[in-house]
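Novice: Please take these sequences and the hints and turn them into a complete structure.
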Amino acid sequence: METIWTWCCDVLRNPQWFYLITTAAKLVLVFAVILAFVVLSVWIERRVAGWIQDRPGPNRAGLPLFLLRPFGSKEKQPLSKLLQFFGCPPDGIIARLCRWLRLDREIPTFGLMQPCLDGGKLFLKQEITPKYVRTIYFIMAPMLVLGPPLVAAAVVPFASGVDTHFGHISMCVANLDIGPLWVFAVSGLSVYGLTLAGWSSNSKYPFLGGLRATAQFISYEVAMGLSVIPLLMVYGTLNLQEIVQCQADSGWTLLPLWGEGMSLQRWVLFLPLAISFLMFATCIFAEANRTPFDMAECETDLVGGYHTEYSSMKFASFFMGEYAAMVIGSAMVVTLFLGGWSIGFGVDAWLADCSEWLAVLCQFIMFLIKLLAFIFFFVWVRWTLPRFRWDQVMKLCWLVFIELAVVNIALTAVILYFVH
Amino acid sequence: MKTTKIIEMPDSVGTADYLRDDADMPHELMTLNMGPSHPATHGVLRLKLVVDGEEIVSCDPVIGYLHRGMEKIAENCHYNQYVAYTDRFDYLAPMSNNIAYACAVEKLMNWELPERGQAIRVLCAELSRISSYFLGLGVYAMDTGAMTAFLYCYEIKEKVHNFYEKICGARFTSSYTRIGGMTRDLPKGFEKEVLAFCDSVEKTVDEVKRLLLHNKVFIDRLVGVGVITREMALQNGMTGPNLRASGVKRDLRKTNPYLGYEKYEFDVPVAQEGDCYARFQLRLEEVLQSVRILRQVCDTMPSGPICVQNQWGVLPRKEDALQGMEELIRQFMVSTECVNAPAGQVFFAAENPKGELGFFLDSAGGGLPNRLKMRSPSFCTLSMLPELLPGHLISDVGAILGSFDFVQGECDR
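Chains as they are written, first to last, in this note's numbering: chain A, 1 to 420; chain B, 1001 to 1413.
Hints may contain errors.
The calculated lysine-lysine pairs, modelled on DSS-like cross-linking and capped at a C-alpha distance of 27 Å, are [to be verified]: (1) B/1107 x B/1373; (2) B/1107 x A/131; (3) A/204 x B/1157; (4) A/395 x B/1216; (5) B/1166 x B/1216; (6) A/121 x A/131; (7) B/1318 x B/1188; (8) B/1203 x B/1157; (9) B/1107 x B/1157.
Hint data in this document are derived by calculation from the structure and do not stem from the laboratory.
Specialist: Dropping the structure here:
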């Protein structure tokens, strides 16, 4: 036992092994969280849509009670037995609450099982590859859509760092000095997936959808890149971990209410940063192919857009890719503009003084909460706004956003010049 | 080859500059087959589009996928039997069709309904108008990407279907009218429920207005798109809200009042622009006018019989038929031979949600028509497409089709 422990310590003392092991652990964590969030955001989408549209949404798919049988439950009605055991009257308030939660029929998951079961269904569906498609590209396309968002997530910091005996662990998979550039570059690759899907399907509607998607992605990438430049000028770094650290110390980009954030300089810079936020958030909508920018797959004119010919798990990959892009997009907005993992108001530093591990845990939870809030916003917009027309989307990008972004950069530069 | 068609638009709608033909480059044209099962074509319309990139060069609508030979069937049905078929014309407003058909045959018979019967028919016609308009608006909103408005609208439609169920027992295929009356009287307290429903309609209209009508994205998509000028509309025989959106004030309820529509106060909203946005706006306005009529009908609902009295051709009350010889014979005769119509020809058109639904009846006497011809508004509306669509984008097809609010059941018959 002792020898194993010392051997472990020895391995960890080696900086290379330490780096590899911690990175692998972080990688697994991030991957698991993103995939969980993809499922979760499907559920949020449906529940919020239901809420917006005055209907219940998925609330029926719970775990059936027969799952309890292997654990010794022979009862047909475990709830009534349980209520009896605790001495609750069968029509009292507790019993009614339990029945409202459908505890008498299933173990409630509030419909959370539905996306999981949907995934299972898609997995088991017949895999159709039409004869007339270009098979290699047809199969490659969904991978190219799902892959990039997952890779882009590597640079998003989800908590600050901890100092251990063996060295410093920074809580993001790859602490690169080119954070935003990495995200733009990698997530830009998914355009190949859409183009290939549209082209290799060898069918007219996917073809139009693929063309639209390509043009839209490329255009909005330009606008997106330009829109964050003011922010990078203000923070003076491209390292996302440092940007978030700055925000933790001196106020979030959009909420400079503590530390140095209270200074006049930051408040003068608030205008360009707010414009930058609006543009960046809109571009994220366009990049994630969500309403009001879901040109590539708007079902009322293009049936299913680029994934019309896909079925089963290949279709699910597109579906998951879209949601993964949405999660990563939200994570980027949260990181750049809403303080990333920072809890704010100086709580981070105070927590870090108490215990670094506690701080990391709280920050991680805070990050997830912010992420969920922004995903909620995504969904909210989708179920409220109508869709743009195709040419209007392009016009908005090339005639409004890019000009505005350039003006915004100039404005930031002028302000920075005079304030310093 | 210059293929783009420049559409002249009224000044107020501005210019749609995507219609510009920018280069004389050789374009490769593509034939895009939209339908018969496509989400934008509401039912089974098929459009053979020739597109230049995203721009439509020509459009060839193919109809008839829902053809059931309704007009021929009419020649082998008693007048009363055919009522059930009229449900299937414009299946989004079955009551309106029932009423239009019954009125046409009554015109042939030269019968006049008692006051209560007329009021009930007005009530049903306006209820189904509201239901049909709301479905049209909702689907239209969905075609432009706004899913939520569809469900708000559908809620109203559901409520109207609940009313149908209360009135005649069926939610969808109502078959409520008979020649010379209705199958049954309104249930007790129905007027009160309708008045409560009127309030909820107004609330939903307000919601839809706030959600869409003042929405920048929605306005950008629809203003100046699918402009139908007054002349085009008249040439193609458009009727109903689509015609009124093009600046023609024509509403049969005002011009040729039937069923006592002259007794009720309501306005005929007219829009001048003739674009998709005007059609959306106009339908919302017309819903409010229908609500106005509904309120007046409910407030002044007369009492009395609902069927034509003392006419050989209307079913007697069941109790009478079981006790009186004369009534029993009448019951038998009406069930087997229906009304004994005089020989002659008659045309009657009613202002239905989709436009003017006309029935031409050629009778050689007896219980069967010699020939029945329908004038269906959706057919005339769709005949506009080859002229209207060229020059628009593929994305506009959904918006334009949605704004027409057509129904294939009526177009194909």
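Novice: Could you run down the list of hints and mark each one as holding or not?
Specialist: We went through each hint and held it up to the structure:
Distance hint between residue 1107 of chain B and residue 1373 of chain B is fulfilled; the C-alpha atoms sit about 15 Å from each other, no more than 27 Å. Proximity of residue 1107 of chain B to residue 131 of chain A is assessed by CA-CA distance (about 60 Å); at most 27 Å being required, the pair is judged violated. For the hint linking residue 204 of chain A to residue 1157 of chain B, the alpha-carbon distance of about 36 Å lies beyond 27 Å, and the restraint is violated. Restraint check for residue 395 of chain A and residue 1216 of chain B: satisfied, since their Cα atoms lie roughly 15 Å apart, inside the 27 Å limit.
At most 27 Å may separate the alpha-carbon atoms for a hinted pair to count; residue 1166 of chain B and residue 1216 of chain B exceed this at roughly 41 Å. Only pairs whose Cα atoms come within 27 Å are accepted, and residue 121 of chain A paired with residue 131 of chain A is accepted, the gap being roughly 24 Å. In summary, the hint linking residue 1318 of chain B to residue 1188 of chain B is supported, as the alpha carbons are separated by about 20 Å, within the 27 Å threshold. The hinted pair formed by residue 1203 of chain B and residue 1157 of chain B meets the criterion: a straight-line CA distance of about 14 Å does not exceed 27 Å.
Between residue 1107 of chain B and residue 1157 of chain B, the direct Cα distance comes to roughly 31 Å. Violation of the 27 Å bound is thereby established for this hinted pair.
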